[in-house]
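Peer 1: These protein sequence lines map, in sequence, to chains P and D. Numbering follows our numbering, with no gaps: position 34 of the first sequence is 34. Numbering follows our numbering, with no gaps: position 93 of the second sequence is 93.
Simulated from the structure, these hints should not be mistaken for lab results. Errors might be hidden in some of the hints.
Covered stretches of chain D (in silico footprint by chain P; criterion: 3 or more residues with CB under 8 Å from a CB of chain P, positions within the stretch not fixed) [as the list claims (entries may be wrong)]:
1) 71 to 79
2) 149 to 159
3) 166 to 177
All residues carry an ideal CB built from backbone N, CA and C; glycine is no exception.
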Amino acid sequence: MNNSPKLELLVGAFVVLGLAAVAYLTLHLGKGSMLGGDTYRIEARFTNAGGLNPGSSVVVAGVPVGRVESVRVDPADFSAIADLRVISGLKLPTDTIASIKTTGLIGDKYILLAPGAEESTLTPGSRITDTESSVDLESLIGKMAFGSVEKDNPKAPTP
Amino acid sequence: MIRRLLPTLLTLCLLTTLSLGQVAEAQQRLKTAVAEVLAVADRAPNKSVLPNRVRSVLTKHVNFETMTRRAVGPGWRQFTPQQQQQATQLFSTLIIRSYSAKFTPGEHPAITYLNASSPASGRVDVPTRMVYQGSHYNVTYRLERALGWQITDVVIEGVSMIANYRSQLDAQFKKGGASAVISSLNQSLSRTP
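Using the sequences plus the hints, can you model the full thing?
Peer 2: In structure tokens form, the structure reads like this:
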């Protein structure tokens, strides 16, 4: 029992070290620093970017090719602008469509880029405007469930 | 601080006034297109003649060539000019048929035009709310200026028509090239009456 202060100090230091390691991992893995090599920045404009976060992945044909850097609101028309970082080797046609998709039914959101047919390619800083925003599953279910209420059904009893 | 912001604000104002002009122009064009289609649909005695009658109106307002090219996606460049023409022909017929199949002569949709916006120069999005036969739909029309304003994509409940077809046709192209795309278009045409 006489060496307990030393032991307690050691345990304390070990716990602090563990916490620091966890903090480091959360910060670095979440940001997407796993993506190696050179990248360039493009923007995508959505009417609704719900569920999209900095660090969400950008995918072409199921292959991760980049990350979402930031999501902000365009003050001019209140649309959502997502800044994407895409690996430099990938040249995308200008009519590429960006869609916000969900992994599984209620999983994370990611951006799927579907390359188009145009010869010209997106330059760094250019903006994708052909986009599909996140499909709001709840509101769709709501429509299915409550759609009949909105119907102008002559047979429905008047309130 | 204000001095630094002023030029930005001025350019922003200028840009909005410029885009306001093209937004109004595109929206007007869409309204004309919708009115023309409805007028044609009203005059049709039955559903079977609708596709042929609607076609002449739609080819004026819808850019089927751009639509087909975008729907096919990256494979388009490997199509021969002849295959491109054939695909455009089939795709436009498919769109017109599935579009006119949704029509019931005599029924009128109530369309509310919401605030249109211009995400890029020469591009305008017109969101609308439509009530047709008792159901509500959110439909966004995407127009582009080529010779005049023309519809290049329709987004229904957040799902883009072009993106939807692109994922299907691109998969076909990866399976069997241009001929697979054309035969799959042929197949879906023979399936719809």
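Peer 1: Indicate, hint by hint, whether the structure satisfies it.
Peer 2: Now the hints, each set against the structure:
1. 71 to 79: Our answer is that it holds, as 6 residues pass the Cβ test (under 8 Å) against chain P, meeting three.
2. 149 to 159: Holds: 5 residues of the segment 149 to 159 of chain D have a Cβ under 8 Å from chain P.
3. 166 to 177: Check passed, 3 qualifying residues.
Of the numbered hints given earlier, the model fails none.
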